[in-house]
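Asks: Chain by chain, the residues:
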Amino acid sequence: GAGVSQSPSNKVTEKGKDVELRCDPISGHTALYWYRQSLGQGLEFLIYFQGNSAPDKSGLPSDRFSAERTGGSVSTLTIQRTQQEDSAVYLCASSPRRGENTGELFFGEGSRLTVL
Amino acid sequence: GESVGLHLPTLSVQEGDNSIINCAYSNSASDYFIWYKQESGKGPQFIIDIRSNMDKRQGQRVTVLLNKTVKHLSLQIAATQPGDSAVYFCAEKDRAGNMLTFGGGTRLMVKP
Numbered sequence: 001g002a003g004v005s006q007s008p009s010n011k012v013t014e015k016g017k018d019v020e021l022r023c024d025p026i027s028g029h030t031a032l033y034w035y036r037q038s039l040g041q042g043l044e045f046l047i048y049f050q051g052n053s054a055p056d057k058s059g060l061p062s063d064r065f066s067a068e069r070t071g072g073s074v075s076t077l078t079i080q081r082t083q084q085e086d087s088a089v090y091l092c093a094s095s096p097r098r099g100e101n102t103g104e105l106f107f108g109e110g111s112r113l114t115v116l
Numbered sequence: 001g002e003s004v005g006l007h008l009p010t011l012s013v014q015e016g017d018n019s020i021i022n023c024a025y026s027n028s029a030s031d032y033f034i035w036y037k038q039e040s041g042k043g044p045q046f047i048i049d050i051r052s053n054m055d056k057r058q059g060q061r062v063t064v065l066l067n068k069t070v071k072h073l074s075l076q077i078a079a080t081q082p083g084d085s086a087v088y089f090c091a092e093k094d095r096a097g098n099m100l101t102f103g104g105g106t107r108l109m110v111k112p
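So the protein lines, in turn, are chains A and B. Its first residue numbered 1, the first sequence is counted upward by one per residue in my numbering. Its first residue numbered 1, the second sequence is counted upward by one per residue in my numbering.
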């Protein structure tokens, strides 16, 4: 597709279970971001991938959170042993390589996670 | 279903009026600023951007103003329409350029 694709769009899970959220960035975009948006809040940065460079993980809230990006394209955000405070919308965004734009991010529609 | 931003500050305007949404930023090293629009159930969408060496930039029906002295950013929407109803976020990027830091957002409601 032409835009950033995320799946699942909605996920309900029980506390303590692991979840995986997937992001397909726009073809050719080398930068990929994960943000989290809790109800009534702004966007909280989680992790950033740029090409083959080591990811910037500075926003991950705990070691229960991890992310991978395989082949420089698809990314998976994994949350282990989910807690109720993990409930949020997880947004993925991609952008072209730095120097080709001024920083505009193209967002997917998000994956809404509800932890019961 | 529930929507993003139930507890966000809200600006309510009459259709056809101009809207001004304000944002304060904290990082004096930020050199690039963006306004995003987020409709319910969707991801944020780029509206307009401005570099730190500019004070004003105009787009179609939108104008962004940057006051670096007081670290203030505003988005002006002319002749506001019902389709402008959404949550608006400002975002800033520092010179390292790795990520955008988002503000808390403002909900714009347009009354017909």
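Treat the hints with care, as some may be off.
[As the list claims (entries may be wrong)] Straight-line distance between alpha carbons at most 30 angstroms, and here's what the computed DSSO-like set of lysine-lysine pairs gives:
no., chain 1, residue 1, chain 2, residue 2
1, B, Lys42, A, Lys17
2, B, Lys68, B, Lys56
3, A, Lys57, B, Lys71
4, B, Lys42, B, Lys111
5, A, Lys57, B, Lys42
6, B, Lys71, B, Lys56
7, B, Lys42, A, Lys11
8, A, Lys57, A, Lys11
9, B, Lys71, B, Lys42
10, B, Lys42, A, Lys15
11, A, Lys17, A, Lys57
12, B, Lys56, B, Lys111
13, A, Lys57, A, Lys15
14, B, Lys56, B, Lys42
Treat the hints as calculated values from the structure; they're not laboratory data.
Asks: For every hint, state whether the structure bears it out.
Replies: These are the hints, each one checked on the structure:
The hinted pair formed by Lys42 (chain B) and Lys17 (chain A) meets the criterion: a straight-line CA distance of about 26 angstroms does not exceed 30 angstroms. In summary, the hint linking Lys68 (chain B) to Lys56 (chain B) is supported, as the alpha carbons are separated by about 11 angstroms, within the 30 angstroms threshold. For the hint linking Lys57 (chain A) to Lys71 (chain B), the alpha-carbon distance of about 27 angstroms falls within 30 angstroms, and the restraint holds. Between Lys42 (chain B) and Lys111 (chain B) the alpha-carbon distance is near 21 angstroms, which keeps this suggested pair within the 30 angstroms criterion.
Of the supplied pair hints, the one linking Lys57 (chain A) and Lys42 (chain B) holds, its CA atoms being roughly 25 angstroms apart against a limit of 30 angstroms. Between Lys71 (chain B) and Lys56 (chain B) the CA atoms are separated by roughly 14 angstroms; this keeps the pair inside 30 angstroms, and the hint holds. At roughly 16 angstroms between alpha-carbon atoms, Lys42 (chain B) and Lys11 (chain A) fall within 30 angstroms of each other, so this suggested pair holds. Restraint check for Lys57 (chain A) and Lys11 (chain A): the C-alpha separation of about 23 angstroms stays at or below 30 angstroms, so the hint holds.
Annotation: proposed proximity of Lys71 (chain B) to Lys42 (chain B) holds, straight-line Cα distance about 29 angstroms (limit 30 angstroms). With a C-alpha separation of about 26 angstroms, the suggested pair Lys42 (chain B) and Lys15 (chain A) falls inside the 30 angstroms cut-off, and the hint holds. This hinted pair checks out: Lys17 (chain A) and Lys57 (chain A) have alpha carbons roughly 22 angstroms apart, not beyond 30 angstroms. A distance of roughly 28 angstroms separates the Cα atoms of Lys56 (chain B) and Lys111 (chain B); the hinted pair therefore holds under the 30 angstroms criterion.
Between Lys57 (chain A) and Lys15 (chain A), the direct Cα distance comes to roughly 24 angstroms. Compliance with the 30 angstroms bound is thereby established for this hinted pair. The suggested pairing of Lys56 (chain B) with Lys42 (chain B) holds, with an alpha-carbon distance near 28 angstroms, which does not exceed 30 angstroms.
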